[in-house]
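Residue numbers (the working numbering), protein chains in the order written: chain A, 1 to 116; chain B, 1 to 115.
Just so you know, the hints here were simulated from the structure itself, not pulled from any lab data.
Ideal Cβ positions, reconstructed from N, Cα and C, are used throughout, including at glycine.
Mixed in with the good hints there might be a few duds.
As the list claims (entries may be wrong) - Heads up, incomplete: computed chain A residues facing chain B, CB under 8 angstroms, no partners named: (1) L45; (2) M46; (3) P83; (4) S86; (5) L90; (6) Y106; (7) G108; (8) G110.
As the list claims (entries may be wrong) - Which chain A residues face chain B? A few, computed with CB under 8 angstroms, are given here: (9) E53; (10) S59; (11) F107.
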Amino acid sequence: ETGVTQTPRHLVMGMTNKKSLKCEQHLGHNAMYWYKQSAKKPLELMFVYNFKEQTENNSVPSRFSPECPNSSHLFLHLHTLQPEDSALYLCASSQEGRWGGTYEQYFGPGTRLTVT
Amino acid sequence: AQKVTQAQTEISVVEKEDVTLDCVYETRDTTYYLFWYKQPPSGELVFLIRRNSFDEQNEISGRYSWNFQKSTSSFNFTITASQVVDSAVYFCATYPQGGSEKLVFGKGTKLTVNP
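The shape of chain A in the complex, shown without the other chains (with noise of 0.2 angstroms):
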């Protein structure tokens, strides 16, 4: 494999379901990203993991939950979502500096989630 990988690519799922995206990056990059696309908004950045660490939350509602165990491996928890949430998931990851990055984002082909 290579570049960023995203499974499931297609998710339909219920309002009270859960289920997981999973992204996987291996371009030994050290910060991964989860955006979302909409067709009525621009692309939204969601979360944002630099060393494993989370230094982004962008007002993004609790029933999106993200896990980061490692570098390389990224994963967006959902439950109990709207159908307004319905839209292209794409993970990203970079290369970045702890003092601020330059880098550009290399983004894996999403997971095109419909809530029904």
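On the provided structure of chain A, position chain B as indicated by the hints.
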């Protein structure tokens, strides 16, 4: 706060035409980076270019070229002799140097290249 404006929502051209995608950014940072990404129908954002705010030289990569003008806060992207495979949504983004990991995206321009 940073902001990126891509005024062109959708552009449609015929193959072999040249097309320019506009990007205007706002930032209070003195040093920053600018990016262009391509998102084909498959969904994955593909990194195209990063430009440092110190470097205003234009760049050419094959059929792609970028025109960075600090005086007008613009970072425009031109595709020469467009091809059907260039059809995608193109995003411009900015990133402040110095501590924040936030990459701020524009809303994107959907380019359709017709045969």
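Taking the hints in turn, this is what the structure says about them:
Here the hint on L45(A) is kept, as its CB sits about 6 angstroms from the closest CB of chain B, short of 8 angstroms. Contact between M46(A) and chain B, as hinted, is not supported at the beta carbon level, the nearest pair being about 12 angstroms apart and thus beyond 8 angstroms. Because the smallest distance between the Cβ of P83(A) and any Cβ of chain B comes to about 20 angstroms, over 8 angstroms, the interface hint for this residue is violated. Interface restraint check: S86(A) against chain B, minimum CB-CB distance 14 angstroms, threshold 8 angstroms, status violated.
Satisfaction of the interface hint for L90(A) is found here, the shortest Cβ-Cβ separation to chain B being roughly 7 angstroms, below the 8 angstroms cut-off. A cut of 8 angstroms between beta carbons decides the hint on Y106(A): the least distance to chain B is about 6 angstroms, and the hint holds. Here the hint on G108(A) is kept, as its CB sits about 7 angstroms from the closest CB of chain B, short of 8 angstroms. The restraint placing G110(A) at the interface with chain B holds, with a minimum CB-CB distance near 4 angstroms, inside the 8 angstroms limit.
A distance limit of 8 angstroms between C-beta atoms decides the matter here; for E53(A) the minimum to chain B is near 11 angstroms, and the interface restraint is violated. Against a cut-off of 8 angstroms between C-beta atoms, the interface hint on S59(A) is violated, since the closest Cβ of chain B lies about 13 angstroms away. Satisfaction of the interface hint for F107(A) is found here, the shortest Cβ-Cβ separation to chain B being roughly 4 angstroms, below the 8 angstroms cut-off.
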